[in-house]
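> The chain contents come next:
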Amino acid sequence: GQQLNQSPQSMFIQEGEDVSMNCTSSSIFNTWLWYKQDPGEGPVLLIALYKAGELTSNGRLTAQFGITRKDSFLNISASIPSDVGIYFCAGALSGGSNYKLTFGKGTLLTVNP
Amino acid sequence: GAVVSQHPSRVICKSGTSVKIECRSLDFQATTMFWYRQFPKKSLMLMATSNEGSKATYEQGVEKDKFLINHASLTLSTLTVTSAHPEDSSFYICSAKVYTGELFFGEGSRLTVL
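Chains as they are written, first to last, in this note's numbering: chain E, 1 to 113; chain W, 114 to 227.
Please keep in mind that the hints were generated in silico from the structure rather than gathered at the bench. Among the clues, some could well be false.
Taking lysine to aspartate or glutamate pairs in the DMTMM-like style, the calculated list, with each CA pair at most 25 Å apart, reads [to be verified]:
1) W:K154 / E:E41
2) W:K155 / E:D71
3) E:K100 / W:D140
4) E:K105 / W:E220
Being a predicted model, the structure only gives us computed values, none of them experimental.
Please work from the sequences and hints to get the whole structure.
Now the structure itself:
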């Protein structure tokens, strides 16, 4: 089946620094989604990408759908303590009634004040 | 974004009993919902796809008689963990897909089986 490699696994940064994480896939997707999960809660959708090459921002977050359709990155600028959490990428290849989201293993972000 | 609500958020039960978890789409209709299981510090593992008005589709290795899924309406799917055992203790999360392809998640349900 499809595999997603998400990196890095964890990051420790200082408040104010920029962060970048990425996901690569063994096969193509037609949708990339980025989520953030706080402890004990469900994932919250941050950014959704639908077209190869698409670059989308949501406040301090920016994500891009890779041209090859096999990768995506998420950047966080000027990090703040509340950015702490686990970030997951997810890719979907939907066709007709068959829809399945494949998740990366997550990036644990720690922000030191 | 769309709102998905899960209930209960936490449940503790005795071994051998059954537990039902509800997943509701509050402001949209969801013909398809998904149930995930998540172990500590791990990613989400898809258990099954819940289709309104038809049988759920289970992922390989997931016991359908153990994890009963019912999607009786366009806004409600339920997951029943039958004859629960301590190894069933986990964080269960549901999600629902909107027509644009985005998936919105519930808050999750922490199940502890004693």
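> Now tell me if each hint is right for this structure.
Comparing the hints with the structure gives:
1. For the hint linking K154 (chain W) to E41 (chain E), the alpha-carbon distance of about 13 Å falls within 25 Å, and the restraint holds.
2. Under the criterion of a C-alpha separation no larger than 25 Å, the hint pairing K155 (chain W) with D71 (chain E) is consistent with the structure, at around 21 Å.
3. Only pairs whose Cα atoms come within 25 Å are accepted, and K100 (chain E) paired with D140 (chain W) is accepted, the gap being roughly 22 Å.
4. As the CA atoms of K105 (chain E) and E220 (chain W) are separated by approximately 19 Å, the hinted pair is consistent with the 25 Å bound.
Going through the hint list in order, the structure satisfies each hint without exception.
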